[in-house]
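K.L.:
Here is what each chain is made of, one letter per residue.
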Amino acid sequence: MSAGGSDGTADRAADPAVEEEGPSEAGPSLPAVELPRKRKGDVEERSDTPVQQGLDFQMDDDLSRSEGEDQQVKMKCFREPHRKIEKRRRDKMNNLIDELSAMIPACQPMARKLDKLTVLRKAVQHLKALKAGTSSAFTDTTCKPSILPHDDLRHLLLRTADGFLLVVSCDRAKILFISESVSKILNFTRLDLTGQSLFDFIHPKDINKVKEQLSSSDMSPRQRLIDAATGVQVQVDAPVRPSHLSSGARRSFFCRMKHSRVAGKHEDKHSLPSTYKKKDTYKYCTLHCTGYMRSWPSSQLESESDIDKETSSLTCLVTVCRLKPHVSHQPSKDINVKPTEFVTRCAIDGKFTFVDQQATTVIGYLPQELLGTSCYEYFHQDDLQHLAEKHRQVLRSKEKIETKCYKFKTKYGSYVSLQSQWFSFTNPWTKEVEFIVSSNRLVLGPGHTKDEEEAGSSNALQDDTKQIPVIPSISSGIGTMIYAGSIGTQIANELIDSYRVNSSPSSGASSPFGAALEKCPLVSPQTSRSASSREEAAGTSSQSQSESRTAAGASSAASESTGEPSQLDLDNIVVPGLSSFSSDEAALAVIMSLLETDVNMGQSGDFEELHWPF
Amino acid sequence: MTADKEKRRATSREAARKRRRVESDVFGDLSRLLPLQPSIRTHLDKPSVIRLTLSYIRMHTLLKENAETRHKVRLHPVVVGGVERNHCNGGRDEKEAEESEASEEMSMYLRTLEGFLMVLSTEGDMIFLSDNVTKYMGLTQTELMGHNIFEYTHPCDHEEIRHNLRLTAEQVWCGEKRDFVIRIKSALTHRGRSANLKSATWKVLHCQGRVKVCMSPSSISCLLLTCRPLPLSHTLLSTHTFTSQHSMDMKFTYCDQRVISLLGYTPEELVGRSLYDFCHTLDYNCLSKNHLNLCLKSQSVSGQYRMLVRGGGYVWVESHSAVIPSVKSSRSRPITHQPLCILSVTYVLSGVEEPTLQLSLDQTIHRYLT
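Going down the list, the sequences are from chains Y and S. Counting along the first sequence from 1, when you hit position 181 you're at 180 in numbering that gives the first Met the number 0, and nothing is skipped either side. Counting along the second sequence from 1, when you hit position 186 you're at 185 in numbering that gives the first Met the number 0, and nothing is skipped either side.
Calculated from the structure, these hints are not laboratory results. Idealized CB from N, CA, C, for every residue including glycine. Certain hints may be false.
Stated by the list, open to error - With the Cβ distance kept under 10 Å, some of the chain S side facing chain Y (calculated, not the full set):
| hint | residue |
| --- | --- |
| 1 | 46 |
| 2 | 53 |
| 3 | 110 |
| 4 | 363 |
Chain S on its own, in the form it takes in the complex (with noise of 0.2 Å):
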């Protein structure tokens, strides 16, 4: 008895390994179809090939139709410094040249850009993240490619990037832009290597973009984004800068001094006041988003916005700001209660406009002093 279960259960576990194997080897041919390098691809694991496969066949749909359009542009010859190029004809040779120099361009963009791009499905998932992910999340592209975005962001803001999702047809035709700010699951120390998923951090990510729509096979509409993580780094502020500190309700605790040739007033002046009390009313919308973006997350980047010029008139601006703490952490004082501040950089973008115009108190005081 025991001798024939013996025999049915080897003969069911030949057929197991044999199934297996063959299951096994398909997945190889589909990881070779990828286009990926060889040290990556051995590593794959079974849904990770699919998620890639799936990729690959989303992103080809969706840049078909680009390509198609794109090569029918180029169907008429192209004058280019007097010497007729066309490229429907063209020979492996120009078309590689164009492919490394499409390439570097391309890798120089991002690094200058100091971010990745991420393409983005209506229901969140990652269909394509550009390989330099890894230097801002810590996670490789083939590790990130095909899961949801909603599974690496801070659970607060999954109802902001559904909001962004949410496209009607309009927006969609119309390639609708987007702007917004999300905290990202970030795998890098601080020395900037890769730790494991489960000792991530949160890091605040820009993302800009606009939506893409496809039509074929079936309409696929999709957000195309550039991502990056908001510097507070070394960057040479120029005279149209000025930098301020706040406390958390927006009133100012400190201001450059460059502030006076921009706005007129003096540091001392606008130490105590509330942001709010110098900027045009009717941006308070963008101001109170920038405000709730900071508490939240820490990190925002305003949109324009008008800042009222003592004497009257206003300048155009644009702040990226960030919650720091406000003294040096100690080991006396825990990390939660620390008092934290604003810091904000000012990029000035106009000039002063309608100089005249005097659309507060504040800035009524200049006429009398003189």
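Here chain Y stands alone, though its shape is the one from the complex (with noise of 0.2 Å):
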């Protein structure tokens, strides 16, 4: 605990040995003059009498030195540790002093440092000054009296909280009381809204959920109560005594409320509260209300009602509506400053998970066409290489990635240049990455002229070969289509691979494939084509495809070293129906069982000297 969180009768860190040095020093010869003076001054603190008293000074002084000369022996253990603790005591008072000095206006044109008599001489002063200046509430003992007036105080709380107090009745809604502030909050002054019916200003769509919180004896059987001690959640299935809502039960909700934008009103524009919707010549502002049902016995009100019954009692919701800050929730600047970017969320393969809705304005496709479709069918194949290796970065690496500008295939086969920038989503439980999102660029100009140049040189080339470039670790001679596919699950095969080596080293699933994939680097495209060969056999969308992956590796997972030919384990792919998609997980473990009874099956085999007939 730190040293300053001091009471107000204990002026030192809550040590009982301390509170015992405090009188009993008065025996041992001590070098200082002001330590005497300063303990007896302890003494004075500690009691419970009054500070102005001094005639206590005598008796004090007696007791302490009888006291002192008692535990003389004992205290001299801790004259050390005390003086400090003292030096700390006189240090904060001097710092109180300094502090007292900077804040009075009269002391500060003084040159030289003033003693701390005169200082407080001056405080006294000032506050005499300042109360004079103020209203008569100070002196004012009737009410309670607190440090600031209240209407000081109200303003203060007011301005702060950006909200106003609001009490209706439950049983029509009537605003009984709406405090001040709301004028600046909503644009109407508080008799315009005294006496109304609160349905009149709270947005049509939200007058349901009010009517639910105002009601007070429509107990609905899906009412919940969250215990607070536990957090476990209270189901109330019987109806709720009254009493138990009369007073206390608490409600907090969030309501739409009309705010009207009058000219000239607004102090600050940066207050401008959030608009959701746009109604007639009114907007909405969200309002966050929380309080709680107040209920009066009838007795109280006139009311020709039977006093016995207590449903004739009014009451009544008290609240206090504070608008909601939005203060956390802007996105980065980036994004709203330069023009069309936008940003997308893939699967560690790859595979699109999550497009914005700019994205269609830039590339064409909307959202819905690109979400599970691997993000390398859309690159071109000169930039295949960088990304790929970009993509591997990016999911060993905590850091954002940027890629140089590349190719993207538009709906309607022309190509756009963008630059991405990519970071890797960490689980940070299961330290896994789980996803990559990426916000995407379009450049235009000659930015990348240098790029363009190259692409356009080696484009030349291939055009009439068709040569697919060269990949480190991948590559073969098959059409760009299924192949590009591909590089984004074996990328993501290392990647789980990895995981698998650092958690299980023992596993002897995992070497044979990584030893595989050092040898036969082109395992996976022939597979991938056999598996997507298939698939486009079959004729299914490219959503079906992870889900045969799915299929198989829920069937096939286990079998590691079979020795069945990878065409038998196609013939047990059953093409399900479109279920939920399960994590890519298995998709990627269907690939890595079918890779390794590819390696089972030809194991020297150079794949390079195979001639596909494509």
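Now that you have both chains on their own, put them together as the hints suggest.
P.N.:
Dropping the structure here:
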């Protein structure tokens, strides 16, 4: 505990040893004259008598001396730290005096530092002056005195909280009371609102919600309460006794209220509340209302109804409605300022799982057309190498990775130049990468001429021969479309592998795969080709591609070292109905199992020589 | 020789006593000028008197401007209900009535808010605290006022507090808003009684407010905050809220049935999936900040973010969450090893926006199933 946490009566860190030391050091010879003085001062502080009583001095002196003599021996051990404590206290006092002198205008022009007594006297004068200048509430002892006049405090409070106090009756939602500050928030005057029905000012879609919150006797069985201590939901099925709700039952909800925009009434433009919907000429702002129900027995009301009936009592909701601040929510300015940027999210194998709606303006595809497809299908083949490298990098790094400009195929066949920033999101609990977030920016103009030239020159060569560029650890002579999708999965596989290796070094499953990868880099394209050719034959969409892999994964994930040829495995694939997408890990497990079977088939084969009939 | 020495000692003691008496008198005068209840006044020690005097002076300078502008405004007669009310010439009675109304309203406001008011200087001194701070921290207003907030908050939160106190000139002039969660010492026992500060526990406070500046005598800026402990108490949850439980990595472990009508997903579909999958990517800042707050401080209020609705579109939501032990504590299992989970109450703020927009894979499923 820090030493600062002192309460009013004991001005030191609560330490029984220290408290004893105070009165007891009278006996031993002390070099400084100050210490005895301070010590006796301590005594008077600790006593409960008022500060200004001087009569106790004599008594205290005698008391302290006798105590000191008794405990002289014991206190010798505590002398050192006691001095430090005393010094600390003196320093604190001096600091306070300095602060006080800084605050008092009268003390400021002085050249030399004033002594304690003078500062205190000047403080007394200053306070007297302040009191003379303010309202009489200070001297009025009937109402509870406080540091500030209540009026000022109220204004302070309301300015802080951006809210207003609202009391509505529960039966007809009549506004019984509303505080002054509402004019600042909703731009309606207090008079406009008092006596009106609350529903006139609430967004039509929220009316039901508010009705529910106001209802006190209507207990729907779906009420949920949360026990404060355990956080466990307490389900209340039986109707609750009205007394439970009569006072203290809390309410908390959000609602949208009308606010009229009258020009010139806004003090600061920055406090414009957030608006979600325009209806007629009004705008709405979101308020968070918290409060409680309060009821008064009808005996206090002039009502003809039976006094015994509780239902005739006036129940109302007392809430504080606060404007919700839009503080932490805004997206970073980068996205807004630069034109045409969009965000995508993809799984670790590069398949899109989220596409920002703004992407459509850039690449032509609607988000739903991209979802589930691998990003590699859209990259230009010249960029595949560099992007695959970046892909690998981002999966292993915690930083943002910038790509160079690359071409992205649009819906209409043409290419646009994009530049992206990728970073991977790692689940802090499992330490695995869950997805990659990509912030993509459209690049215009000649900023990337050099790349373009290179791409252009190699394009000229490749147009005729359709030669696939060599990417380290992935290469083959197969068609672009099918091949591209597999890059992502393979990169993802490597990552999964590295997790497995890290977590269970003894597992045999990963090592043959890893070894096979070094020896036969062409394994994966072949497999995915056969897999995807099979699926193409099936004629399903790209979504089912991963579906079948998922199913196959479920069925054959266990078989790691079977000698079955890949063809048989594929025969076992059953294209399931489109259930929910399970994690990509299942898909990857399939790939790995397929790859392993291939490895078993032909380990030493050099696949570059093989000629594929395509 | 000794008689002489003793005589000198006696005179010095007498002089010291006289000095002390004078000092105490001045302290007494000072404390009498402070607007405190007599019972509190007698129990104050000297540093406390100075602290409170400092607070008093600071608050006065802070509010003086405010009061001046208000009084200026009121110079123009205000037509209220057809009757002119000119506060400039207001008599004592009127002012008193106003004061009492104001005080009642203010106490009602603070009670309804379930929080207290705090004014923080840029160095972190708690210049002012409303008197209901006792209810939340167990320490009285006079004990705390004038002290530095860093002495009462969790050391890990100090950086965040400093960051919030750092103000540029522009922010000060705009009255920039602040919203953060901190852990503060609370000397309240379970039953609500005040205990010694040494046995204080940590309490999570949600502080919201804005910056205020006053120009004279020197430009002082400070932060006005309302601080409330985050409640997870009995609240009537409407149909527009749902509760959910998550493991510490934000994967759903349980969800209320109401989510079906609000988001379109069944609880079974959600269990095992991470919350991040169901929210708009651009809100990940808000979500991760919320998650971090939960892990560090055990309670959090998220800002407003978007949750994706099945079939397309999204809704704006806000979540209030807390970390609780997921099983009942038992003697056999020590507290440190208890598995924790996150309990979250999510308020849905809007209707479904842009219902045809599909941003995530999960949303597309709806199409094919029907």
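K.L.:
Are the hints correct? Go through all of them and say.
P.N.:
The hints, checked one at a time:
Below 10 Å, beta-carbon pairs count as interface contacts, and residue 46 of chain S has one with chain Y at about 6 Å; its hint therefore holds. For residue 53 of chain S, the shortest C-beta to C-beta distance to chain Y is roughly 6 Å, which falls under 10 Å, so the interface hint holds. At its closest, the beta carbon of residue 110 of chain S sits 9 Å from a beta carbon of chain Y; the interface hint therefore holds under the 10 Å criterion. Interface restraint check for residue 363 of chain S: the shortest CB-CB distance to chain Y comes to about 6 Å, inside 10 Å, so the restraint holds.
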